[in-house]
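Each protein sequence line maps, in turn, to chains A and B. In this text, residue positions in the first sequence follow this note's numbering: the first is 23, and each later residue adds one. In this text, residue positions in the second sequence follow this note's numbering: the first is 19, and each later residue adds one.
To be clear, the hints were calculated from the coordinates, so they are not data collected in a lab. Note that the structure is a prediction, hence the values are computed from the model and not measured. A hint or two may mislead.
Lysine-lysine pairs mimicking BS3-like chemistry, simulated, CA-CA at most 25 Å apart [as the list claims (entries may be wrong)]: (1) A:Lys93 with B:Lys216; (2) A:Lys127 with A:Lys107; (3) B:Lys165 with A:Lys96; (4) A:Lys124 with B:Lys216; (5) B:Lys238 with A:Lys124; (6) A:Lys155 with B:Lys194; (7) B:Lys165 with A:Lys134; (8) B:Lys165 with A:Lys127; (9) B:Lys165 with A:Lys93; (10) B:Lys367 with B:Lys266.
From the structure, some residues in chain A lie toward chain B, with a derived Cβ separation under 8 Å [said to hold, decoys possible]: (11) Lys40; (12) Asp41; (13) Leu44; (14) Thr47; (15) Lys93; (16) Ser122; (17) Ser123; (18) Lys143; (19) Val145; (20) Phe147; (21) Phe150.
All C-beta atoms, glycine included, are put in the ideal place defined by N, C-alpha and C.
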Amino acid sequence: MENMNKIGRILMVEDDAKDVELTLTALEEYNLANEVVVTHDGEQALDYLYCRGEYKTRSRDNPAVMLLDLKLPKVDGLEVLKQIKADERLRIIPIVVLTSSKEEKDMVASYKLGVNAYVVKPVDFHEFANAIKELGVFWAIINEAPPGSVRK
Amino acid sequence: MARSNLQLQIASSKVLRYGVAVLSVSVALGGALLIERLHLHNITLFLFAIAVAAWYGGTRAAVLALLLSCISFAYFFVEPSHSIPYFILFASFASLVSWFSSVRRRVEGQLLQSRDELTERKHREQEIQSLNQELARRSTELESINKELEAFAYSVSHDLRAPLRHIAGYTELLQKKASSTLDEKSNRYLAMILDSAKRMGNLIDDLLAFSRIGRTETQKTLVSLAQLVTEALNEVRQDTEGRNISWKIGALPDFYGDRSMLRLVLVNLVSNAIKFTRTRPQAEIEIGCTDGNKGDLVVFVRDNGVGFDMKYVNKLFGVFQRLHQTDAFEGTGIGLATVQRIIHRHGGKVWAEGAVDGGATFYFSAPRPQGQLWRT
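Could you put together the complete structure from these sequences and hints?
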């Protein structure tokens with residue numbers, strides 16, 4: 023698969039370590055895990071995107087896609103989404119909300135803020151792995167990421 | 019105010035009442051004797067005395083004053099044989115003043131009564147106001163409880179599902195990694211963990227859907243039931259694979275209600291029919307519409323499945339009520355409760371008929387839409 027195209031970097035924002043591992047395991051099955059950056063709360067994710075704090079020294083490029091959980095410590099997912107979509111430089115980053123919440127108000131709020139996709143994490147691992155795989159393949163490989171994002 | 023109080027006080031006490039009469043006539047007599055000595059007319063003083071007694075003491079005091087006036091007048095001033103015209107004069111004057119006094123007293127009584135009524139009304143207004151405040155307080159309380167409930171449902175939706183996903187996910191990973199080295203029993207345990215996790219996931223989803231029906235507003239539009247049935251059949255198509263089912267779908271009317279909720283009703287009823295006819299080589303499922311009592315609209319879903327004992331018909335629509343073992347027919351026991359809740363919110367009724375091994379029919383009714391909305 024990785025020979026098909028260059029793989030875009032995935033920025034994952036997820037506070038639950040178990041979910042992080044499950045997601046990485048699912049991505050590993052399709053060799054998509056190498057280019058994943060994990061941040062654990064909204065603030066850290068914004069630090070990464072704005073290259074500040076612990077990410078001060080990283081190369082100034084955007085991820086090919088951002089997987090965003092909604093329920094996050096410090097700055098929650100919707101707030102992160104709002105800040106990114108309001109920023110001229112960052113708003114072109116495709117953002118996929120990946121959440122446990124099936125609540126309509128979350129869905130509506132996310133789409134109103136300009137999210138690119140909304141995925142509810144399935145309870146079943148098979149379905150979960152499939153969803154993650156398809157997300158990874160689509161956004162990191164098939165989709166042409168906006169200019170200025172990393173591909174390796 | 020002070021005067022009328024004085025008057026009331028006098029009228030209400032016997033001693034004071036007659037005292038006034040005696041006192042006023044005595045004063046008049048004294049005055050009259052004095053005046054006579056000065057050769058002045060004395061009738062006026064007696065009249066005045068009678069007036070005072072009648073005005074302040076009431077009728078009985080007036081009578082006493084009259085009698086005393088007459089006696090003293092006859093005794094001191096005129097011959098008894100000449101006193102009759104004076105008696106008549108005194109009597110008419112006394113009755114005139116008493117009448118005035120009684121009228122005045124009545125008017126004042128009414129005034130007092132209306133003042134009482136006014137105080138009472140004010141009192142009631144205050145009561146109403148305090149009740150209103152209580153109501154407002156309760157309604158805010160209810161609102162906050164509702165919000166809490168919403169937050170609770172949200173938390174269930176999000177927080178309960180995450181650990182469940184981890185249980186299922188890591189069990190599956192373990193199964194993948196170690197199933198070849200595990201014995202048959204251990205593998206079965208893993209499968210059971212997975213099965214339970216999945217079941218719990220379904221339960222959470224169904225419970226959330228059930229609670230959402232209570233929380234969301236119904237958005238009523240004219241809905242084509244025929245269209246909804248088609249959609250419901252599409253949704254449950256997966257469950258009919260490899261099954262031999264003969265469908266009989268009659269003419270269905272349009273229905274005034276919340277589209278997504280009514281869709282859920284039909285999906286639940288149809289998937290139940292599919293589930294409970296599973297043991298039949300040839301399943302028959304009929305969906306149709308009849309006229310109910312009072313011109314209500316009645317829709318039914320009938321199957322030739324395993325049915326149920328009418329003894330337990332009341333349990334069918336309760337939350338978490340199941341009439342079959344989990345192993346025999348899967349399910350969370352919330353489907354029919356959801357159906358009932360939705361139909362109740364539409365002002366209709368749900369009921370069922372069935373027999374063990376004799377199939378089941380589920381009905382729901384709703385008031386026929388007004389005007390020209392209903393057509394088949």
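Status of each hint after checking the structure:
no.	hint	in the structure
1	A:Lys93 with B:Lys216	23 Å, holds
2	A:Lys127 with A:Lys107	19 Å, holds
3	B:Lys165 with A:Lys96	23 Å, holds
4	A:Lys124 with B:Lys216	17 Å, holds
5	B:Lys238 with A:Lys124	23 Å, holds
6	A:Lys155 with B:Lys194	17 Å, holds
7	B:Lys165 with A:Lys134	23 Å, holds
8	B:Lys165 with A:Lys127	14 Å, holds
9	B:Lys165 with A:Lys93	18 Å, holds
10	B:Lys367 with B:Lys266	23 Å, holds
11	Lys40	4 Å, holds
12	Asp41	7 Å, holds
13	Leu44	5 Å, holds
14	Thr47	6 Å, holds
15	Lys93	6 Å, holds
16	Ser122	4 Å, holds
17	Ser123	5 Å, holds
18	Lys143	6 Å, holds
19	Val145	4 Å, holds
20	Phe147	4 Å, holds
21	Phe150	6 Å, holds
Of the hints listed earlier, there is not a single one the structure fails to meet.
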